[in-house]
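Chains as they are written, first to last, in my numbering: chain A, 1 to 247; chain B, 248 to 565.
Honestly, I wouldn't trust all of these hints.
[To be verified] Dumping the calculated EDC-like pairs for lysine to aspartate or glutamate here, alpha-carbon to alpha-carbon at most 16 Å:
| hint | chain 1 | residue 1 | chain 2 | residue 2 |
| --- | --- | --- | --- | --- |
| 1 | A | Lys199 | A | Glu182 |
| 2 | A | Lys154 | A | Glu25 |
| 3 | A | Lys77 | B | Glu554 |
| 4 | B | Lys540 | A | Asp132 |
| 5 | B | Lys540 | A | Glu51 |
| 6 | A | Lys134 | B | Glu531 |
[Claimed, not checked] Beta-carbon label-pair distances, calculated as ranges:
| hint | chain 1 | residue 1 | chain 2 | residue 2 | range |
| --- | --- | --- | --- | --- | --- |
| 7 | B | Arg480 | A | Lys14 | 18 to 26 Å |
| 8 | A | Leu61 | B | Ser514 | 43 to 51 Å |
| 9 | B | Gly294 | A | Asp109 | 37 to 45 Å |
Everything labelled a hint here was simulated from the structure, so no lab data went into it. For glycine and all other residues, C-beta sits at the position ideal for the given N, C-alpha and C.
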Amino acid sequence: MLALVDVWYESDGKAILKNINMTFEPGKVYAILGTNGAGKSTLAYVIMGLEGYRPTRGRILLDGEDITDFPVTERAKRGITLMWQEPARFTGLRLKDYLTLGGKNKVSDEEIKRALEMVGLNPHLYMERLVDEKLSGGERKRVELASVILLKPKYVVLDEPDSGIDIMSVDMIDHVVEELAEKGSCVVLITHREEIALKADHSYLLCRGIVLKEGHPGEIVSFYKASCDRCDHPNEPTERIDEGLRA
Amino acid sequence: MIVKDFEREFEALARAYERAGGDVSKFLDKRIASVIISGDRVIGLNGVEGVVLKPSKIESGVQVDMEIGAGVVLEHPVHVCTGFLERKGYQRVIFNITLRRNAKAIFTAHCVFPWAEEFTHDALMNVRLEEGAWMEYHDEHMHSETGSINLITRSIADVGMGAFFRNTFTLVKTRVGKLKVFMEASLKEKAIAELFTKVKATKDDDVEVRETIKLDGEGARGLAKTNAVALDRAKVSVVNEMYGNSPNTRGHVECVEIAKGEGVEVSALPILIVKNDLSELTHEASIGRVNVKQLQTLMAKGLTEEEATELIIKGILT
Chain A
1 MLALVDVWYE SDGKAILKNI NMTFEPGKVY AILGTNGAGK STLAYVIMGL EGYRPTRGRI
61 LLDGEDITDF PVTERAKRGI TLMWQEPARF TGLRLKDYLT LGGKNKVSDE EIKRALEMVG
121 LNPHLYMERL VDEKLSGGER KRVELASVIL LKPKYVVLDE PDSGIDIMSV DMIDHVVEEL
181 AEKGSCVVLI THREEIALKA DHSYLLCRGI VLKEGHPGEI VSFYKASCDR CDHPNEPTER
241 IDEGLRA
Chain B
248 MIVKDFEREF EALARAYERA GGDVSKFLDK RIASVIISGD RVIGLNGVEG VVLKPSKIES
308 GVQVDMEIGA GVVLEHPVHV CTGFLERKGY QRVIFNITLR RNAKAIFTAH CVFPWAEEFT
368 HDALMNVRLE EGAWMEYHDE HMHSETGSIN LITRSIADVG MGAFFRNTFT LVKTRVGKLK
428 VFMEASLKEK AIAELFTKVK ATKDDDVEVR ETIKLDGEGA RGLAKTNAVA LDRAKVSVVN
488 EMYGNSPNTR GHVECVEIAK GEGVEVSALP ILIVKNDLSE LTHEASIGRV NVKQLQTLMA
548 KGLTEEEATE LIIKGILT
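In isolation and in its complexed conformation, chain A is listed as follows:
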């Protein structure tokens, strides 16, 4: 189990995440909802342990082991990975080399082909392509999803996997998430899309860096649609919550 215990993260003296308590279990899907600027991507970076995203308070535990101070690679070796909202592009790196991490990830050509097919990319057309600027945003996202499939992670944070991908492909994302969960991965989905969030087992709603609500995805999505979509004070939760946290 991956647990965030009273995690705070500050940047330039400003608290971006406050008192985050979350637990993630293998084989389950979690949806993180929140308006822009709520701290969703920051949460993803804190979980992954990216440079500059060490919690200022609190602990991150993986199966009871305190990994708060672990660097990215150590976390990845323990089975945590992250798909960026806008994945990086590389110069001259072939897709096959990227997916196999230059041979470090021992996967067969068959597995690669299957992963590419799952994300809607024709292996014959893409295997030798470069993971560079010539791939469209949607193609790059699909490559990243294929990479996640091949990594077989224990925990994966997908930061808005649906952004930049056409609406017709939402089923593909569902299918990938389902397969990951079936194979025992825990999927943490950061999304704005209701139909994707509703597939989760559990949801968290972030607002200005705090967990405003958590519970069944249907309940959270309904609250989000009723309150956050039309919010006249986005990322300004009630004073009561804010003051309670400061205390």
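Keeping the supplied structure of chain A fixed, place chain B upon it in accordance with the hints.
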């Protein structure tokens, strides 16, 4: 074919050539045009139909005039091997290459200096492409690990109407020493040129790259690109230069340089000069440390920082 009395020299060169990634069998295949130079001698030569190769001796080196006849399309690349098997010396090589109208040829060149310590290699390539011709010249270098080689390689290309010219220079497997790569192409109407240099410099290697494309003819297009990695205390200085001299010309210059090491120094200078208001030139450069997002992306998949850096560099130099 191999000149009599030079078989043993060819064998020594062949071993170094294969280590450089070359395929020696190509030099023994009569269907493939080839030139083998060792020091100041041509020790192997094979012409095929439509290809005229004329070697001559010059001071401290060799000149080879190569001509591909009008309409001749070579099925196999012309193989060129320039070697120097001594430890010290000076070698001058001049290639004058002409492709007549609508001819098409690809050149694969390997320069191998496996044991050179105090050595200067001075190469000049003059290229003339007539209307509709197509030429690619891929030059890969394999030096010794002493880092004491001086290498000056210059190419000057006159690319005719509707012709295509691609010139690549690669030195990524061994030490560089002091390297100057100067590529220049002048393009006539609707001609296309791509100049591309890939270099990995380590220790106290010193590299200077200058790629210049003059878009003189209407509708001409050019790409000048350099990918370089500088490690340790190496210095790499790059100038990519493009001139938009005629209407409807388009050019792009691009430079990617990674610097890693104390005392390392890299620079990139794009020069774009437009002399016609219907010309469009663009540039793109990324120099300095390995991109953090790229690094973290790979590290989030389990690679160490060193492994991630290696994979990123491999991509840049491939």
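So, going through the hints one by one against the coordinates:
Between Lys199 of chain A and Glu182 of chain A the alpha-carbon distance is near 13 Å, which keeps this suggested pair within the 16 Å criterion. Of the supplied pair hints, the one linking Lys154 of chain A and Glu25 of chain A holds, its CA atoms being roughly 9 Å apart against a limit of 16 Å. A threshold of 16 Å between alpha carbons decides the hint, and for Lys77 of chain A with Glu554 of chain B the separation of about 14 Å falls inside it, so the pair holds. Of the supplied pair hints, the one linking Lys540 of chain B and Asp132 of chain A holds, its CA atoms being roughly 13 Å apart against a limit of 16 Å.
Between Lys540 of chain B and Glu51 of chain A the CA atoms are separated by roughly 10 Å; this keeps the pair inside 16 Å, and the hint holds. With a C-alpha separation of about 15 Å, the suggested pair Lys134 of chain A and Glu531 of chain B falls inside the 16 Å cut-off, and the hint holds. The hint said 18 to 26 Å for the Cβ distance between Arg480 of chain B and Lys14 of chain A, and at roughly 41 Å that hint is violated. Look at Leu61 of chain A against Ser514 of chain B: about 47 Å separates their beta carbons, and that is inside 43 to 51 Å.
At roughly 42 Å, the beta carbons of Gly294 of chain B and Asp109 of chain A sit within the given window of 37 to 45 Å.
Going through the hint list in order, the structure does not satisfy hint 7, though it satisfies all others.
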